[in-house]
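Novice: Keeping their order, the protein sequence lines are chains A and B. Just so you know, we're using my numbering here: the first sequence kicks off at 61 and counts up by one. Just so you know, we're using my numbering here: the second sequence kicks off at 3 and counts up by one.
Take these hints with a grain of salt, some might be off.
A few chain B residues that don't get close to chain A, going by computed Cβ distances all over 12 Å [unchecked claim]:
| id | residue |
| --- | --- |
| 1 | Glu16 |
| 2 | Trp52 |
| 3 | Thr54 |
| 4 | Ser57 |
| 5 | Asp61 |
| 6 | Val193 |
Chain B stretches covered by chain A per the calculated footprint, using a threshold of three residues with CB under 8 Å from any CB of chain A [claimed, not checked]:
| id | region |
| --- | --- |
| 7 | 21-27 |
| 8 | 68-77 |
Note that these hints are calculated values from the structure, not bench results. Ideal Cβ positions, reconstructed from N, Cα and C, are used throughout, including at glycine.
The chain contents come next:
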Amino acid sequence: MIAPSPGAAELSALLARAADGDRQAFGIFYQRTSAKLFGIILRILIERTEAEDVLQEVYVTIWRKAAEFDSTRASPVTWTATIARNRAIDRLRARGSRPSAPLEEAAEVRDHSPSADVIIDGNREAAHLNAALATLEPRHAAAIRSCYFEGITYETLAAREGVPVGTLKSWVRRGLMRMKTDLSTVHEGRTA
Amino acid sequence: MTAREDMDGMTVDEVLAMDFALGALDRNERRAVDLRLRSDPAFSAIVDAWTTRLSPLEDATAGVVPSADIWSAIEAEIAPAPRRPATAPDAAKPSLWNSLMLWRVASVAAVAAALIAVAQVGPAPPPAPGAPPQLLVAALAGADGRPLLSAAYDPLRGAVVLTPATQRQDDGKSAELWVIEGKNPPRSLGVIDIKDPSKHVIASDQLKGLEAGATLAISIEPYGGSPTGQPTGPVVATGTLRAI
Chain A
61 MIAPSPGAAE LSALLARAAD GDRQAFGIFY QRTSAKLFGI ILRILIERTE
111 AEDVLQEVYV TIWRKAAEFD STRASPVTWT ATIARNRAID RLRARGSRPS
161 APLEEAAEVR DHSPSADVII DGNREAAHLN AALATLEPRH AAAIRSCYFE
211 GITYETLAAR EGVPVGTLKS WVRRGLMRMK TDLSTVHEGR TA
Chain B
3 MTAREDMDGM TVDEVLAMDF ALGALDRNER RAVDLRLRSD PAFSAIVDAW
53 TTRLSPLEDA TAGVVPSADI WSAIEAEIAP APRRPATAPD AAKPSLWNSL
103 MLWRVASVAA VAAALIAVAQ VGPAPPPAPG APPQLLVAAL AGADGRPLLS
153 AAYDPLRGAV VLTPATQRQD DGKSAELWVI EGKNPPRSLG VIDIKDPSKH
203 VIASDQLKGL EAGATLAISI EPYGGSPTGQ PTGPVVATGT LRAI
């Protein structure tokens, strides 16, 4: 479905070498990917020291699981980003609560709308996804982005938004199903 | 599982997969999903689809360069323990290996592989003097090269951990784990009980001397395991143990 980019092919090759125990290749893989993964983890955990701790765990996990990576099923970026996201969210859940960031930082953290240049420069998949999100009620789209980017539970977000949990779940789930339909239409349109 | 929730015709699984990929579940719910992902390929596929669908959102995430010392910490963690004296190189595979290749037939897709099997086997054999025990791992792949599961043997804990399984079980058959060391005939490490993998216990004397270079293999046997003590059915996955 998603054509592998030259970057993805190179990263896949580095992962394959890491699976054979090549630490140097894994070092290059780290150089290419660590800023991205750290950005993802930091956005969820906010605290830098804890985020670095999780980043370290994530790369040790990637190293140990490198042989399981299957480039026909996921891009190396998606595969590693998913490991990073899940580790960060698990850490957040174990901690119980998210640190409250200072106000100005919080405003920055909560603004998940993509900037114009991201839409222009971002890849086609991201553009389709953002277009699908843009057709939703702004508040519903914002709820989807908050859950995804901050890794917070429906309960936490519902409390923050001052709406019942059931209402919030319904916004998000219906929104996601509509996005799914939109996206499959886009993909069918492209392959037709 | 095609039970439907009363909302917009979405199945319960679709909703759960979506919630998990979005990252909105609480701790207990996430734990339950984690477990299910290891044992339910169909559900796993729905989660993968949602993960992939949402992943372009990450394009909006700005990279942040971590401190320079993080890589050194990772490097230290993945550094190999001091090498043991020569393990058999892959190129010189014993003839037994070749005969194994012969009876490796198998429609991989049709057969089982193990889930997580953690075998606690009591005190581990003492490591060779001066050589800290190494964690041994093997990626077991089918004939098409597709990884089926990985096995890890930790001499310190005396445990073998098998993760994860991808295939459904062939009813009435058993999956049996073997180790092939040098020119010796395959040695059974027991039947892997897919329904309840935690039951899979490997006696510590069976694990004694397990070294890098040995081959692990999984064959599909009649229910209860090989009747002859040697593999009789198709080998669905093989891999070489290596030290990490």
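Novice: So which of the earlier hints does this model not fit?
Specialist: 1, 2, 3, 4, 5
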